[in-house]
Structure formats: structure tokens, C-alpha cells
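**Student:** Chain by chain, the residues run as shown.
There are 2 protein chains.
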Amino acid sequence: MTTNADRKRPGRPPGTSDTRDRILECARELFARNGITNTSIRSIAAGAGVDPALVHHYFGTKTQLFAAAIEIPIDPMSIIGPLKEVPVDQLGRALPSLLLPLWDSELGKGFIATLRSILAGSDVSMVRSFLQDLIATEVGGRVDDPPGSGRVRVQFVASQLVGIVMARYILELEPFKSLPVEQIVDTVAPNLQRYLTGELPQFSGD
Amino acid sequence: MTTNADRKRPGRPPGTSDTRDRILECARELFARNGITNTSIRSIAAGAGVDPALVHHYFGTKTQLFAAAIEIPIDPMSIIGPLKEVPVDQLGRALPSLLLPLWDSELGKGFIATLRSILAGSDVSMVRSFLQDLIATEVGGRVDDPPGSGRVRVQFVASQLVGIVMARYILELEPFKSLPVEQIVDTVAPNLQRYLTGELPQFSGD
Chain V
1 MTTNADRKRP GRPPGTSDTR DRILECAREL FARNGITNTS IRSIAAGAGV
51 DPALVHHYFG TKTQLFAAAI EIPIDPMSII GPLKEVPVDQ LGRALPSLLL
101 PLWDSELGKG FIATLRSILA GSDVSMVRSF LQDLIATEVG GRVDDPPGSG
151 RVRVQFVASQ LVGIVMARYI LELEPFKSLP VEQIVDTVAP NLQRYLTGEL
201 PQFSGD
Chain G
1 MTTNADRKRP GRPPGTSDTR DRILECAREL FARNGITNTS IRSIAAGAGV
51 DPALVHHYFG TKTQLFAAAI EIPIDPMSII GPLKEVPVDQ LGRALPSLLL
101 PLWDSELGKG FIATLRSILA GSDVSMVRSF LQDLIATEVG GRVDDPPGSG
151 RVRVQFVASQ LVGIVMARYI LELEPFKSLP VEQIVDTVAP NLQRYLTGEL
201 PQFSGD
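Protein sequence lines, in the order shown, are assigned to chains V and G. Every letter in the first sequence is one number past the one before it in our numbering, and letter 1, counting from 1, is 1. Every letter in the second sequence is one number past the one before it in our numbering, and letter 196, counting from 1, is 196.
Here chain V stands alone, though its shape is the one from the complex (with noise of 0.2 Å):
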């Protein structure tokens, strides 16, 4: 479909940044219109009309490619990757403890830039793709107790800590922002936990 118009032009080296560049728009637009689960390497590649081989050899895995397409600097597998590990019953403390030194580091600095400019545009489905494909499926399917409440569970966890993001790196609230990382850890981490294994109301009866 698009040709590799850049590779011919002269003076440039063959497929370089205007290929990635090229893979990175179009990775941008279907990881927007389709959700991270439904948006393929094979898909982008196409769309790029490139190998998928080439996705790959520039941009790594699938997470590996989001991440660069919403300029994060880390592969978010790298975080979820180790969630995996950890028992259901200490993902309410995990979390927040694996986050939170992320998010105040210097790494975090330009996570946190990216959500403000994302936020600030009217296109947040990337950070929704993120939240409802990525994270519902990883963690959700382990919290998913009774069956289908994994989804809204992890929601209501997501909703406390991009609360947290605002409050601290945003808003900057004082004291909020200068607290201690283990004080916020410890005082989130029981309703972090109440959410994801805890009853909730509507799906203890029904």
C-alpha cells in the first residue's frame, strides 16, 4: 500500500529513521483505533509496507513497539512481567511498591510528561488501550474471582493509582507530594487488595 518512497531518495542511508518514523505513526493509529489486543506487528508492518521482520528488529516485541509509539521509555512488560510472580494476595502492596519508585525516578519524569500531553490532547485511547487490554488481561484474569469481576476490580485498582499520579506528579499536592513512597505504599495497599480480592458488594450476592 505505501511504498518505501524514502528508500529512494538519495543521500539518505537505506531504511532508517524515515522507516521507523513510518512504523511508529502507523503503529500510533491502530494501537488507537483497535486496542493494543487487536493490533497485530503483522498489521503495522503492512500498514508501514515493511517485513514484519524489520517491526521486529527495530522495535522488539509488541509492548516493546507501544512503549515506543507513546514515547515511554521502558517496555511495560518489564513491569508486568514481574506482577507475575507475586501471589495474588500481594498485588494490593506490588503494585504500588513497583510503581511508585518508578514514577518518582528520573525514568518516571518522562512518563509522566507523556500522560500529561496525552491528557492534554483529546486522544486518551492509547492510555485506555493500555488500562483495558493490557492490564485486564495480565492481571485481571488473576483476580477474576467470582467469574467476571477481574475486569471492573482491576478498573477500581487503576483508578487508585492514576489518582495517585495526579495527586503527586500533577496536582502536586503538599504534604501528598513530598510523602515518604513507603507511607503511600502502606496506606494504599490494603484497599488496593480489598479490590482486587476483597468482596465487593455486587458480586457477593448475585
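None of these hints come from the bench; they were simulated from the model. No incorrect hints appear here.
Identical copies go unnamed one by one, so any copy, or any two together, can satisfy a pair.
Subject to a maximum C-alpha distance of 25 Å in a straight line, what follows is the list of computed SDA-like cross-link-like pairs (lysine to any residue):
1. Lys177 to Ala120
2. Lys84 to Leu98
3. Lys177 to Gly198
4. Lys62 to Asp51
5. Lys177 to Arg151
6. Lys109 to Val127
7. Lys62 to Arg33
8. Lys177 to Pro146
9. Lys84 to Glu182
Mind docking chain G on chain V? Use the hints.
**Tutor:** What follows is chain G alone, placed relative to chain V:
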């Protein structure tokens, strides 16, 4: 300082929209710089070069002027006021019960749009002031047990409530966006109540 130049323009009724605009502009500047608590109607009137009585006449109370300044269609005290009658041990349920129907309503659409444009801009100090000054004073003083914990308790509550706004109205996560109000209230109420009156780790032993 500022002269009432607009009053002298021919064909305009005296002291109308220009004066109002000047008061609002001055209010925004002072609220953003000094917060709600440290800004007086008198100082806003002085900045706008009008009599404080005129500010009251146009805008009513200070919180009503604040609401007009950030373009939300209701006086924050119409929410905060009724909460004063609610026993502290029921606030965790009362807060989302009051706020969610408001946010879901037509009025709420304006509020969400305002919040979104504030987040998009670089200056979130008005929202910060609202949460830090007004809510911390009005609600925080009632849950300051042990002494010194009230402000932090309220900011954890704020983080959860802001996160609900993000998940439901801005990120529009499904199914979160479509959950009945009662389900969200029932699910978050115990967590909010714990933040307000539960034993928080850092305030239990010290």
C-alpha cells in the same frame, strides 16, 4: 490602580461586562498565586479597582467567585456545606454519593470539561488550591485524629476521587464508565472511610 475606563465608553451601560471580566481576571490571578484561603475579596476588588461591595454584588461569596473564576457552574459550598451535617463515620459513603450523580449530570459535563482544560494547561494551581485549601480546611479539620493526620487523610481521599473522575469521564474505561453509581459508591465507600477514620500506618504508632 486600574481605572474604570470601561465605564466611560459611550453606548455601554456603566460597570458591566468589562468590570466583571476584570474582577474575574484579577480573581484568577490571585487565587492561582496565593490560594483560596490567602486571597480576600478585598484584595481582588483592590486589584480590579472596584469596591469590594461590587464584587459581592456580582459574584456573592468568595467560593462563588472562585467557582465563577474557574468556570464551574456551581458553588463548591453547595457540596461542602451539606457534608458538614454528615457524621464523620459516614463521610466515606456520603462523598461519592453526592459527587458521582453531580459528575454524571449535565452540570457535571461542564465541570469535567473545565478540569480537562485545566489539566491540559500548564497551570493547575487553582485545582490544587481547591483541594489543598478548601477541602483540607472544611473536611480535614474533622478527621484530624490523631492530630496532624487530617490533611493527609483528605488527600488520599482526593486521590481516589480524582482517579474515579479520570477513569470514568476522561479515560472512559469500560466497564467502569458504564457502572451504576451505586456500584461505584458501594465499592469505594469502605476504602474512603478507611482513609478518613481508619488506622493509617504512619499515624498509628508514632
